[in-house]
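Engineer: Note that the working numbering has the sequence shown beginning at 179, numbered continuously upward.
Everything labelled a hint here was simulated from the structure, so no lab data went into it.
Even glycine gets a Cβ: it sits at the ideal position worked out from N, Cα and C.
Accuracy of the hints is not assured; some may be wrong.
[Stated by the list, open to error] Here are the simulated EDC-like cross-link-like pairs (lysine to aspartate or glutamate), alpha carbons at most 20 Å apart as the crow flies:
| # | residue 1 | residue 2 |
| --- | --- | --- |
| 1 | K316 | D299 |
| 2 | K280 | D242 |
| 3 | K250 | E329 |
| 4 | K286 | D299 |
| 5 | K252 | D294 |
[Stated by the list, open to error] Here are the computed distance ranges between Cβ atoms for each label pair:
| # | residue 1 | residue 2 | range |
| --- | --- | --- | --- |
| 6 | T213 | I313 | 33 to 43 Å |
| 7 | A258 | L300 | 18 to 28 Å |
| 8 | R265 | E218 | 14 to 24 Å |
| 9 | A258 | T213 | 26 to 36 Å |
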Amino acid sequence: MNQSSKFLVFLVSFSSFFVISYSTAILPSNSNGTTLSVYEILNEFGLPSGLLPNSVKNFSLDEDGNFSVELKDKCYIEFAYLTYYDRVITGVLKYGSIRNLKGIQVRKFLVWLDVDEIRVDLPPANYIYFHVGWINKKLEVKQFQTVRSCEGNGISSIQQFWFDLLEVPTPLRELPILLTE
């Protein structure tokens with residue numbers, strides 16, 4: 179092997195090492211040195227832990243705040259709105275917010291809308307804000323404090339919507355008719 183070939187091999191090896199090292203996820207740990215759960219990380223960033231379902235299979239977070247969460251399966255949870263979680267959720271985690279969010283949708287009537295951003299007031303207060311396109315929805319944060327289980331496939335909630343919409347109201351008891359002569 180000549181000098182230029184050795185240099186080329188060294189350069190490729192060094193570049194590969196740098197790229198692999200830079201792209202490796204940084205998972206925060208606590209004072210004991212154990213890796214924090216994704217729910218603890220949400221709390222560390224001022225967000226409620228119940229933003230994600232209890233079916234997280236894997237997650238990663240890099241030093242720029244880019245994160246990826248892998249769920250065991252697609253998931254539905256009923257908050258103020260029926261919420262859909264895709265199998266993979268990505269975004270940028272900053273203190274008090276998740277931006278560039280992909281993989282979470284909410285249902286308004288029969289339309290599914292992408293949630294682009296989630297944020298809380300700083301310091302964390304009683305409200306959380308969901309940015310859905312150009313719409314901002316303010317919700318009470320207490321419904322997101324506990325981590326919830328997935329609720330089937332969301333079909334039962336859609337069926338309930340139609341039953342409620344199409345239900346014929348129960349007639350009131352007939353009022354006595356006053357006879358006048």
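Engineer: Identify every previously stated hint that the structure contradicts and give their numbers, smallest first.
Structural biologist: 4
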